[in-house]
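K.L.:
Sequence:
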Amino acid sequence: MQDTGTEILKRTESLFMRYGIKSITMDDIAKELGISKKTLYQFVENKADLIKKIVYQHIQEEKKEIESIRSHANNAVEEVLALAKYVVQALRQMAPTTVYDLQKYYHDSWKLLESLHQQHVYSVIRENLETGIRQGLYRPDIDPDIVAKLYVGKTFLLVNEEVFPLRDYTRERLLHEFFLYHLHGICSPKGREQLEQYLNPSET
Numbered sequence: 023m024q025d026t027g028t029e030i031l032k033r034t035e036s037l038f039m040r041y042g043i044k045s046i047t048m049d050d051i052a053k054e055l056g057i058s059k060k061t062l063y064q065f066v067e068n069k070a071d072l073i074k075k076i077v078y079q080h081i082q083e084e085k086k087e088i089e090s091i092r093s094h095a096n097n098a099v100e101e102v103l104a105l106a107k108y109v110v111q112a113l114r115q116m117a118p119t120t121v122y123d124l125q126k127y128y129h130d131s132w133k134l135l136e137s138l139h140q141q142h143v144y145s146v147i148r149e150n151l152e153t154g155i156r157q158g159l160y161r162p163d164i165d166p167d168i169v170a171k172l173y174v175g176k177t178f179l180l181v182n183e184e185v186f187p188l189r190d191y192t193r194e195r196l197l198h199e200f201f202l203y204h205l206h207g208i209c210s211p212k213g214r215e216q217l218e219q220y221l222n223p224s225e226t
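By the numbering used here, the letter at position 31 of the sequence shown is numbered 53, and the numbering carries on one by one without gaps.
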């Protein structure tokens, strides 16, 4: 029963990622899953409950992916670049309206996503900053707590339609600029050399 519930969440999340949230009905979801609406409602109370469960599961899966990335990185700079690649790939699979729909029509789920994301990303980035300082790749004078909180705040700014409307900016372009802005601001001379080696491997 639990496996079936997990499968429902995963496949429904895939639908939302491809087509947005608002346009997909519970009838569409039941049809896509090949089950009746009655069966679907055995797992969730309504669409809002379904979305909240998807958000929570998404964060848990994201945590696993990020921990895997971190465990394979050779240093702090490589870790940030690998995280950037992961985020860009994830956004390529997401319809432009998905975040907007979540913010506008399912505010409780958006606040849950914000809260869980904020806690986890802050922890990951703070640890990365502390590691980078120890490795001599980041400036020793930066405050990991403050910079990690600035990082988290900027990630939410990137999905703010009033600041960066999708008609004018792609999320991929925004993320590219954001990660380079972040790294150039925190890297020591040694870290910048490392960064250039990753960005321009043919020149090294």
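Honestly, the hints are just simulated from the structure, not real lab data.
A couple of the hints might just be wrong.
Unchecked claim - With a straight-line Cα cutoff of 20 Å, these simulated EDC-like cross-link-like pairs (lysine to aspartate or glutamate) come out:
no. : residue 1 : residue 2
1   : K85       : E67
2   : K60       : E83
3   : K60       : D50
4   : K171      : E152
5   : K86       : E67
6   : K171      : E149
7   : K133      : E83
8   : K107      : D165
9   : K32       : D163
10  : K176      : D165
11  : K44       : D123
12  : K32       : E83
13  : K107      : D130
14  : K171      : D190
15  : K69       : E35
16  : K212      : D163
17  : K133      : E152
18  : K107      : E89
19  : K176      : E194
20  : K85       : D123
21  : K32       : E87
22  : K212      : E194
23  : K86       : D165
24  : K212      : E100
25  : K44       : D130
26  : K69       : E149
27  : K171      : D123
28  : K133      : E184
29  : K69       : E100
30  : K32       : D71
31  : K69       : D165
32  : K75       : D49
33  : K74       : D165
34  : K107      : D123
35  : K69       : E89
36  : K176      : E149
K.L.:
Each hint: holds or not?
P.N.:
Tested hints:
1. K85 <-> E67: Violated: K85 and E67 sit about 26 Å apart, past 20 Å.
2. K60 <-> E83: violated, 27 Å
3. K60 <-> D50: holds, 13 Å
4. K171 <-> E152: The given pair, whose Cα atoms are some 14 Å apart, holds under the 20 Å limit.
5. K86 <-> E67: Violated. K86 to E67 sits at ~27 Å, over the 20 Å cutoff.
6. K171 <-> E149: OK: K171 and E149 at ~12 Å, within 20 Å.
7. K133 <-> E83: holds, 18 Å
8. K107 <-> D165: With a Cα-Cα distance of about 25 Å, the restraint between K107 and D165 is violated, given a limit of 20 Å.
9. K32 <-> D163: violated, 43 Å
10. K176 <-> D165: Satisfied, since the Cα-Cα distance of roughly 17 Å is no more than 20 Å.
11. K44 <-> D123: Holds: K44 and D123 sit about 6 Å apart, inside 20 Å.
12. K32 <-> E83: holds, 10 Å
13. K107 <-> D130: Not OK: K107 and D130 at ~29 Å, beyond 20 Å, violated.
14. K171 <-> D190: violated, 27 Å
15. K69 <-> E35: Holds. K69 to E35 sits at ~12 Å (cutoff 20 Å).
16. K212 <-> D163: holds, 15 Å
17. K133 <-> E152: Violated, at about 28 Å.
18. K107 <-> E89: holds, 14 Å
19. K176 <-> E194: holds, 15 Å
20. K85 <-> D123: violated, 23 Å
21. K32 <-> E87: holds, 15 Å
22. K212 <-> E194: violated, 27 Å
23. K86 <-> D165: Not satisfied, since the Cα-Cα distance of roughly 27 Å exceeds 20 Å.
24. K212 <-> E100: holds, 13 Å
25. K44 <-> D130: Measuring from Cα to Cα gives roughly 15 Å; hence the hint holds.
26. K69 <-> E149: Violated, at roughly 36 Å.
27. K171 <-> D123: violated, 26 Å
28. K133 <-> E184: Satisfied, since the Cα-Cα distance of roughly 18 Å is no more than 20 Å.
29. K69 <-> E100: violated, 39 Å
30. K32 <-> D71: Holds, at about 14 Å.
31. K69 <-> D165: Cα-Cα ~42 Å, so violated.
32. K75 <-> D49: Holds, at roughly 18 Å.
33. K74 <-> D165: violated, 34 Å
34. K107 <-> D123: Violated: K107 and D123 sit about 25 Å apart, past 20 Å.
35. K69 <-> E89: The given pair, whose Cα atoms are some 30 Å apart, is violated under the 20 Å limit.
36. K176 <-> E149: holds, 18 Å
Of the hints listed earlier, those the structure fails to meet are numbers 1, 2, 5, 8, 9, 13, 14, 17, 20, 22, 23, 26, 27, 29, 31, 33, 34, 35, in rising order.
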